[in-house]
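Undergrad: For reference, the chains in residue letters:
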Amino acid sequence: GAGVSQSPRYKVAKRGQDVALRCDPISGHVSLFWYQQALGQGPEFLTYFQNEAQLDKSGLPSDRFFAERPEGSVSTLKIQRTQQEDSAVYLCASSGTGTSFDEQFFGPGTRLTVL
Amino acid sequence: RKEVEQDPGPFNVPEGATVAFNCTYSNSASQSFFWYRQDCRKEPKLLMSVYSSGNEDGRFTAQLNRASQYISLLIRDSKLSDSATYLCVVNIQENTGFQKLVFGTGTRLLVSP
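Keeping their order, the protein sequence lines are chains S and L.
Here the first sequence is numbered in the numbering used here, starting from 1 and rising by one per residue.
Here the second sequence is numbered in the numbering used here, starting from 1 and rising by one per residue.
If you are wondering where the hints come from, they were derived from the structure by calculation, not from laboratory data.
Note that this is a predicted model, so its numbers are computed, not measured.
Do not rely on the hints blindly, as some may be mistaken.
Claimed, not checked - Beta-carbon label-pair distances, calculated as ranges:
#, chain 1, residue 1, chain 2, residue 2, range
1, L, N65, S, K57, 31 to 37 Å
2, L, A17, S, F66, 19 to 25 Å
3, S, R9, L, S26, 30 to 36 Å
4, L, L80, S, Q41, 33 to 39 Å
5, S, Q41, L, N22, 15 to 21 Å
6, S, T76, L, A17, 17 to 23 Å
Said to hold, decoys possible - Straight line, CA to CA, 30 Å or less: simulated DSS-like cross-link-like pairs of lysine-lysine:
#, chain 1, residue 1, chain 2, residue 2
7, S, K57, L, K42
8, S, K14, L, K79
9, L, K45, S, K11
10, L, K42, L, K100
11, S, K78, L, K79
12, L, K42, S, K11
13, S, K78, S, K11
14, S, K14, L, K42
15, S, K57, S, K78
16, L, K79, S, K57
17, S, K11, S, K57
18, L, K2, L, K45
19, L, K2, L, K100
20, L, K2, L, K42
21, S, K11, L, K100
22, L, K2, S, K78
23, S, K14, S, K57
24, L, K42, S, K78
25, L, K79, S, K11
26, L, K100, S, K57
In this text, a Cβ means the ideal position worked out from N, Cα and C, and glycines have one as well.
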């Protein structure tokens, strides 16, 4: 079966541009997570959805970051007015249940480079 | 202090060697622990969960020491294909009650012929 997919795989943006990153979780998975992974670091939690409800967005670094999952399936992470420090790999993960105890399945990530 | 700390390495070992990684965590209330593997420019994948009693999966053994708040991963008879970054992962409960996974920076392993 299909795993988690993300698009685009690579994105180059000029500083100040808005970007939108898409995540298609595994069909039927309740939980969806977004992470940011800088070079040489582990993934850092950004936000979490249980179905369409965004239950935690404490990891979003600023109000330029916004995420949604309107129908409880596909999710979009939007970054407004991108800055150079936003350059990172953005990973999406999904899991079958509504807890963090369950295995999270990661997508391949979107590598964002802000010039 | 970081919530999850790991030695970034790299650990350079020959094929067949035994290698061990440790990881420490700061939140004594953490209940779930995992090791994820991440290949270069790929996504993390679950290697194994870590149970209080310790657990083994083939050449891999994971141990948890709650008193000292550290987790270990032992790899026996290293293969070239074991070369990767090993991420220590701990679940942390926030004030909201939500539990999230916190990843260490990863320990890089290079197995050479």
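Undergrad: If a hint holds in the structure, say so; if it does not, say that too.
TA: Here's how the hints hold up against the structure:
1. Between L:N65 and S:K57, the C-beta spacing of about 33 Å keeps the proposed range 31 to 37 Å intact.
2. For the pair L:A17 and S:F66, the beta carbons lie near 47 Å from each other, so the given range of 19 to 25 Å is not met.
3. Between S:R9 and L:S26 the C-beta distance comes to about 35 Å, which sits within the given range of 30 to 36 Å.
4. Distance hint check: the CB atoms of L:L80 and S:Q41 are about 25 Å apart, inconsistent with the given range 33 to 39 Å.
5. For S:Q41 and L:N22, the hinted distance range of 15 to 21 Å is satisfied, since their beta carbons lie about 19 Å from each other.
6. A hinted range of 17 to 23 Å is violated for the C-beta pair S:T76 and L:A17, which are about 45 Å apart.
7. The hinted pair formed by S:K57 and L:K42 meets the criterion: a straight-line CA distance of about 25 Å does not exceed 30 Å.
8. The hinted pair formed by S:K14 and L:K79 fails the criterion: a straight-line CA distance of about 42 Å is larger than 30 Å.
9. Of the pairs offered as hints, the one joining L:K45 and S:K11 holds, with about 23 Å between alpha carbons and a cut-off of 30 Å not exceeded.
10. A threshold of 30 Å between alpha carbons decides the hint, and for L:K42 with L:K100 the separation of about 22 Å falls inside it, so the pair holds.
11. About 41 Å separates the Cα atoms of S:K78 and L:K79, which puts this hinted pair outside 30 Å; it is violated.
12. Taking the CA atoms of L:K42 and S:K11, the gap is about 16 Å. The hint holds against a cut of 30 Å.
13. At roughly 13 Å between alpha-carbon atoms, S:K78 and S:K11 fall within 30 Å of each other, so this suggested pair holds.
14. At most 30 Å may separate the alpha-carbon atoms for a hinted pair to count; S:K14 and L:K42 meet this at roughly 25 Å.
15. Of the pairs offered as hints, the one joining S:K57 and S:K78 holds, with about 13 Å between alpha carbons and a cut-off of 30 Å not exceeded.
16. For the given pair, L:K79 sits about 40 Å from S:K57 by alpha-carbon distance, which is inconsistent with the 30 Å threshold.
17. Distance restraint check for S:K11 and S:K57: the Cα-Cα separation of roughly 23 Å lies within the 30 Å cut-off, and the hinted pair is therefore satisfied.
18. Between L:K2 and L:K45 the alpha-carbon distance is near 22 Å, which keeps this suggested pair within the 30 Å criterion.
19. This hinted pair checks out: L:K2 and L:K100 have alpha carbons roughly 15 Å apart, not beyond 30 Å.
20. Between the alpha carbons of L:K2 and L:K42 the distance comes to roughly 24 Å, so the proposed pair stays at or under 30 Å and holds.
21. Under the criterion of a C-alpha separation no larger than 30 Å, the hint pairing S:K11 with L:K100 is consistent with the structure, at around 27 Å.
22. Taking the CA atoms of L:K2 and S:K78, the gap is about 28 Å. The hint holds against a cut of 30 Å.
23. For the hint linking S:K14 to S:K57, the alpha-carbon distance of about 26 Å falls within 30 Å, and the restraint holds.
24. For the hint linking L:K42 to S:K78, the alpha-carbon distance of about 22 Å falls within 30 Å, and the restraint holds.
25. About 35 Å separates the Cα atoms of L:K79 and S:K11, which puts this hinted pair outside 30 Å; it is violated.
26. Using a Cα cut-off of 30 Å, the hinted pair L:K100 and S:K57 holds, with the two alpha carbons roughly 11 Å apart.
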